[in-house]
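Novice: Which chain is which? The protein sequence lines are A and B, in order.
Numbering follows the numbering used here, with no gaps: position 102 of the first sequence is 102.
Add 1000 to a position in the second sequence, counting from 1, and you land on the number used in the numbering used here.
Just so you know, these hints were derived from the structure itself, not from any lab.
Beta carbons are placed, not taken as given, at the ideal position from N, Cα and C, and that holds for glycine.
Check before you lean on any hint, since a few could be wrong.
Taking beta-carbon pairs under 8 Å as the criterion, some of the chain A residues facing chain B (in silico) [as the list claims (entries may be wrong)]:
{"#": "1", "residue": "39"}
{"#": "2", "residue": "82"}
{"#": "3", "residue": "101"}
{"#": "4", "residue": "114"}
{"#": "5", "residue": "118"}
{"#": "6", "residue": "121"}
{"#": "7", "residue": "125"}
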Amino acid sequence: MLAAHHLLKEVIASLRTVTAPAVADPYPKSQAYMAAVILEFIARQVEERSDSSKAKEHVLDDLFSDLRLLITDKVPSSKDPDQEARLCRLIEWLYTEKDHLGPEAFAAANQKVRTALRQLLDQELKIAGTKE
Amino acid sequence: MAEPTQDKIISYLYSKLPQAKDLSLSQFVQTAVGWSHEIYVFDARWKENGQEITRGFCLRKDPGSGLLRNLSDLKEQYRVLQALEPTSAPTPKVYWYEEDPSLLGGPFFIMEKVAGEATNPWSKVGKQYYAEAAKRGKLPRSFIEALASLHNLDWRAAGLDFIGVPGPGADFALREVAKWESLIQQSLRKPEPVLTEVLMWLKANAPQTRRLAFVHGAYRTGNLMIKDDLISAIIDWELQVIGDPMYDVAYVLSDLNREGSPLLSCVVEREFFIDTYQQLTGLTIDFDACRYYEILYMMRSTAFWLSASGLFAEGKSKDLRLARTTYSVPVVLNMAAKALGF
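Next comes chain B alone, as it looks inside the complex (with noise of 0.2 Å):
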């Protein structure tokens, strides 16, 4: 698919923005980040009514092959994002989504520029920078209290419930499995048996969901944009769902998200995060429920590498980021079979 033409933003913005005149666009970059979806940050500088305005704007566009191949929709997302404006979460401001792949090559939204940064906490700098956002504290709590806004959130009452409410019981652990093993399926090159065990063992010890909470589903650093250790926003709007509150709890917990730090997410210390946790949103952490989360999250961090290299493989991407991913299934699984005991 073309990659979308600063020419093409412009004129589409002419016909969202009528009154514009002398449209341009500066600071045009493709992020090196989102996997799933191609990401433009730009500002847009126009005139109207004889005002000079300018406008940061990021536009998420739909590859056509992206990692989570038919998991993630833009449109759910855009919904989403546009449910969540009026609550106390901290989202980014969507302005307009667009099927039609004649304007762009793909489906596409466009939202508001937030400021701060998502810095990426696997490099080196990355860790250093939320270890020393971790010393001052100021953001070790909002980084909580970002998820709690989530968590506490009355989904029903603000629209969220079209993206699909679990039954009672194992049902929604069993939808997620469900979900992560069809892309698996897509995915998968060759057999793997020590994934075979894991998905088995996860169909068979299910938890019982006892709260339904609108989950974000891949709540960690990297996934929020951050200003003046304050979250400014939640970004990554793929995973959400309706469902058990503690699947972001054991996101969070697991070690897969810390690389080595002391830190949870790389920036909370554990101690912190239970007690203030608990104490915003009134919840009791189930320990046990995490511990069966955190094995379902190796799985799926597993589907999402086969699916990644898949798409290398089928010569669908040229990004050698996938390619790279094939030699993190084992070690993954390997996280995965330590956790159960092999």
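One chain only, chain A, in its complex shape (with noise of 0.2 Å):
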């Protein structure tokens, strides 16, 4: 048996070399095409999702951590298990206690969830994006 990533690099080119060019009609000939693109994508996706979920993790269990520093006893507590669906009811909240907060304590702990954002959506950059 052919390891999965063999596999789909087959496909791929299958249908890059065999199959869409064979196809005369623009819509069925650019869906081909698009098959390709999207088998490429789930490649990379099989390889990496396992440390992705790992990484991203750590990442929110440190944040929910810091901002327990920082503002304390204000942190709304949840026993969402989800925990990405935790952190969007933590920024609503933080966007609609900004008053309450303070304009120094609001960017302080928007700051530390900008921080973790950007190493939430780095994990998923690498799968899907673009190389450059």
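Fit chain to chain and form the complex, with the hints in mind.
Specialist: Structure follows, in structure tokens:
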């Protein structure tokens, strides 16, 4: 049996060099090329997904700890097991409570959140990012 | 939903052209563009009072599961195009609108097939086409003139206020944010904290609208029919609003629409656009508002891609282009994050 990435590589090559060029109608032709593009993404996703999830968990754990230190007991507690959903609620809360927190506390917390968001985004871009 | 067959279209045309005899279709093509609606372009030929008539038509049909879901209304598009017909804005003439799904499987309208091409600017060939047209000089000016024709329009006199008029202050920007947030809520399949931060920033920083205008909402190459280096028609009427003209200007100025090209919308130099637009409209470009709207467009693009990939994931579309868009979400969010400084 072929390894998954090898199989995908072959399917992609076949779509690009055999299937798509043989199709005259522009719509199915573009579909064949698009299938090749999607399979390239999937190939990267298969290799990197588990590392990415662990890295994200680490980033979110650190962020929630840092925020507890920064704005102590003001951070609303959440039992949501989905850490990213919890972060969404926290961001909404920060903007809603901006006036109560005061500009300095808001800016400091928002800065921490944005730093974490950048790290989360970088994990997603490992899969979705275009080659530069 | 079933595709409208040529036979059904012929039957429909006979009902609208009662004098027609021996009606036939040719050059029948479903275009690969148009993610929200099915678009069919064809020529119809018939005999009428002893004369042979050939006319090009374009049929736009609701597929029942379009990219914009319930944000895009074919009837509104039809009425907007009707209202624009007597104005100086270059638009296709519309003929008939039908809501009855028994005719072709969904609501649709038929308009004229406009001469010219809406060349896709994202392909290598498209970029080259626009770069060469830019050097010749006519198209960049025509691009700005067509936009100015919309922004200079007396939209109340044209009867376009039926699409909704925002209130004073930041109401327009907040309405747009709310509109796209509703699409996100319909489409979101997992939490997107970066998107939450972008949305909250947009709500907290909405600019005041100084002057209301008729705004296309997606003014760029690819949504413009071009013939002989002139805009023959502005197409893709799905996102028009009465709102801040800077909303369109920001879209033109945005990096979203040039993918590496040094030219705005792949066709016009930045300074030339700014000078000519201001001269033709008498407006001063508000770059702070444009920066805000550019970030709003990034949020909007994210909403598009979430909707598109959601439709594929929900089994409502088999179009692989929609599946591919799931990988565009972090890329656009990255642009928004950078614009916000993180």
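Novice: Taking 8 Å as the limit, does the beta-carbon of residue 125(A) come near enough to a beta-carbon in chain B?
Specialist: 5 Å, holds
Novice: Let's test the interface hint: is any C-beta of chain B closer than 8 Å to that of residue 101(A)?
Specialist: 13 Å, violated
Novice: Would you settle whether the hint for residue 82(A) is holds or violated, based on the nearest Cβ-Cβ distance to chain B being less than 8 Å?
Specialist: 6 Å, holds
Novice: Hint validation: residue 114(A) versus chain B, beta carbon distance must be below 8 Å. Holds or violated?
Specialist: Because about 4 Å separates residue 114(A) from the closest Cβ in chain B, which is inside the 8 Å limit, the hint holds.
Novice: With 8 Å as the cut and Cβ atoms as the points, is residue 39(A) at the interface with chain B?
Specialist: 10 Å, violated
Novice: Mind checking the CB of residue 121(A) against every CB in chain B and telling me if the closest is under 8 Å?
Specialist: Holds, because the Cβ-Cβ distance from residue 121(A) to chain B comes to roughly 6 Å (cut-off 8 Å).
Novice: The hint names residue 118(A) as touching chain B; please verify it with the least Cβ-Cβ distance against 8 Å.
Specialist: Because about 5 Å separates residue 118(A) from the closest Cβ in chain B, which is inside the 8 Å limit, the hint holds.
In the structure shown, a violation is registered for the earlier hints numbered 1 and 3, in ascending order.
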